[in-house]
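Chemist: Just so you know, the protein sequences line up as chains A and B, in that order.
Under the numbering used here, read the first sequence as residues 88 to 160, first letter to last.
Under the numbering used here, read the second sequence as residues 11 to 253, first letter to last.
For the record, the hints were derived by calculation from the structure and aren't laboratory data.
A portion of the hints provided could be inaccurate.
Claimed, not checked - Sample of chain B residues at the chain A side, in silico, Cβ under 8 Å:
no., residue
1, 68
2, 226
3, 231
4, 234
Said to hold, decoys possible - Estimated spans, in silico, between C-beta atoms of each pair:
no., chain 1, residue 1, chain 2, residue 2, range
5, A, 133, B, 32, 20 to 30 Å
6, B, 25, A, 93, 31 to 41 Å
7, B, 187, A, 135, 53 to 63 Å
8, A, 120, B, 156, 13 to 23 Å
9, A, 131, B, 31, 13 to 23 Å
10, B, 52, A, 105, 14 to 24 Å
11, B, 163, A, 137, 43 to 53 Å
12, B, 125, A, 137, 52 to 62 Å
13, A, 105, B, 208, 18 to 28 Å
Note that beta-carbon positions come from the ideal geometry of N, C-alpha and C, so glycine has one too.
In case you want the letters, here they are:
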Amino acid sequence: MDRIYEYLQMGGHAAFIWPALGLTATVLILMLVLSLHDLRTGEAVLRRLEATRTPRRARRSPPDSHPEPNYEA
Amino acid sequence: MANLHRFANPNRFLRLSRAILPWSASLTVLLFIVGLYFALFASPADYQQGETVRIMYVHVPSAWIAMLCYSVMAAASATALIWRHPLADITARAAAPIGAGFTLIVLATGSLWGKPMWGTWWVWDARLTSVLILFFLYLGHIALSRAFDDPTRGARAAAVLALVGFVNVPIIKFSVDWWNTLHQPASVSRLAAPAIDPAMLRPLLLMALAFTAYFVTLLLLRIRAELTSRKIRALQLAQASAE
Numbered sequence: 088m089d090r091i092y093e094y095l096q097m098g099g100h101a102a103f104i105w106p107a108l109g110l111t112a113t114v115l116i117l118m119l120v121l122s123l124h125d126l127r128t129g130e131a132v133l134r135r136l137e138a139t140r141t142p143r144r145a146r147r148s149p150p151d152s153h154p155e156p157n158y159e160a
Numbered sequence: 011m012a013n014l015h016r017f018a019n020p021n022r023f024l025r026l027s028r029a030i031l032p033w034s035a036s037l038t039v040l041l042f043i044v045g046l047y048f049a050l051f052a053s054p055a056d057y058q059q060g061e062t063v064r065i066m067y068v069h070v071p072s073a074w075i076a077m078l079c080y081s082v083m084a085a086a087s088a089t090a091l092i093w094r095h096p097l098a099d100i101t102a103r104a105a106a107p108i109g110a111g112f113t114l115i116v117l118a119t120g121s122l123w124g125k126p127m128w129g130t131w132w133v134w135d136a137r138l139t140s141v142l143i144l145f146f147l148y149l150g151h152i153a154l155s156r157a158f159d160d161p162t163r164g165a166r167a168a169a170v171l172a173l174v175g176f177v178n179v180p181i182i183k184f185s186v187d188w189w190n191t192l193h194q195p196a197s198v199s200r201l202a203a204p205a206i207d208p209a210m211l212r213p214l215l216l217m218a219l220a221f222t223a224y225f226v227t228l229l230l231l232r233i234r235a236e237l238t239s240r241k242i243r244a245l246q247l248a249q250a251s252a253e
């Protein structure tokens, strides 16, 4: 127990070393969380937008017909 | 160059990033576990700096990545301005917040290291001031690239800022040689034998590799997020013009 306490004291510099490591971890994790949040939010919006577009396409070309080439265009 | 052009295709890039991401993420976790073990437990205290030397294992790799990230941003900006690659603007825009994060770590950990070693949290010497300017350049890039309704105009203005600001990168690197600074000169150099004990060099290099793998992971994630938001904008514009 004494050895753990002594280690955590960091030779009397605990007040500088642990905040430095903690702050680094916080910024690194925050960057990952925000990047993943941006990606997931964007992908959800994109899925919604694409879902609203699909029926319009489906109306133009019925599923049993060959979509290409489109002679009407 | 022709091979590089192939990856400027966003769809091809997405496929490539999906293949790389699991590897870069796994490598990041593995390198952080091994690096932190050596940095916190299996390395000695410095004979002068004592245990505070452990701050070096996050401070120095953050500084390297902060400058690497700016170089990536400047190269992407040059590519965007010269060749108008669709992915180059996106890369620069994705890199800026990551660079700002790493620079914030450099400044904060440097301050926490400076107080017990130099007796001050901050000093306006060449190295510290030029890193602070780097932080402001990142913030300026983030603000400028989002300041216009038309993202293309914002990207072009931000690209010019990134290129002009690149002059700061060699200033940061050589500031400790060109001016008398409180900051110590480089201990790890490719041209000379490192002035650092192997017992400390090992955790430093392991943490540098961990930070690099993490940077690659974050950059790929942010580029994918930017590509998604470009697709959303294109779809919204197409829908608005169809209505």
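Chemist: Now tell me if each hint is right for this structure.
Modeler: Structure-based check of all given hints:
| no. | hint | verdict |
| --- | --- | --- |
| 1 | 68 | 4 Å, holds |
| 2 | 226 | 12 Å, violated |
| 3 | 231 | 4 Å, holds |
| 4 | 234 | 6 Å, holds |
| 5 | A/133 <-> B/32: 20 to 30 Å | 22 Å, holds |
| 6 | B/25 <-> A/93: 31 to 41 Å | 52 Å, violated |
| 7 | B/187 <-> A/135: 53 to 63 Å | 55 Å, holds |
| 8 | A/120 <-> B/156: 13 to 23 Å | 20 Å, holds |
| 9 | A/131 <-> B/31: 13 to 23 Å | 19 Å, holds |
| 10 | B/52 <-> A/105: 14 to 24 Å | 18 Å, holds |
| 11 | B/163 <-> A/137: 43 to 53 Å | 27 Å, violated |
| 12 | B/125 <-> A/137: 52 to 62 Å | 53 Å, holds |
| 13 | A/105 <-> B/208: 18 to 28 Å | 26 Å, holds |
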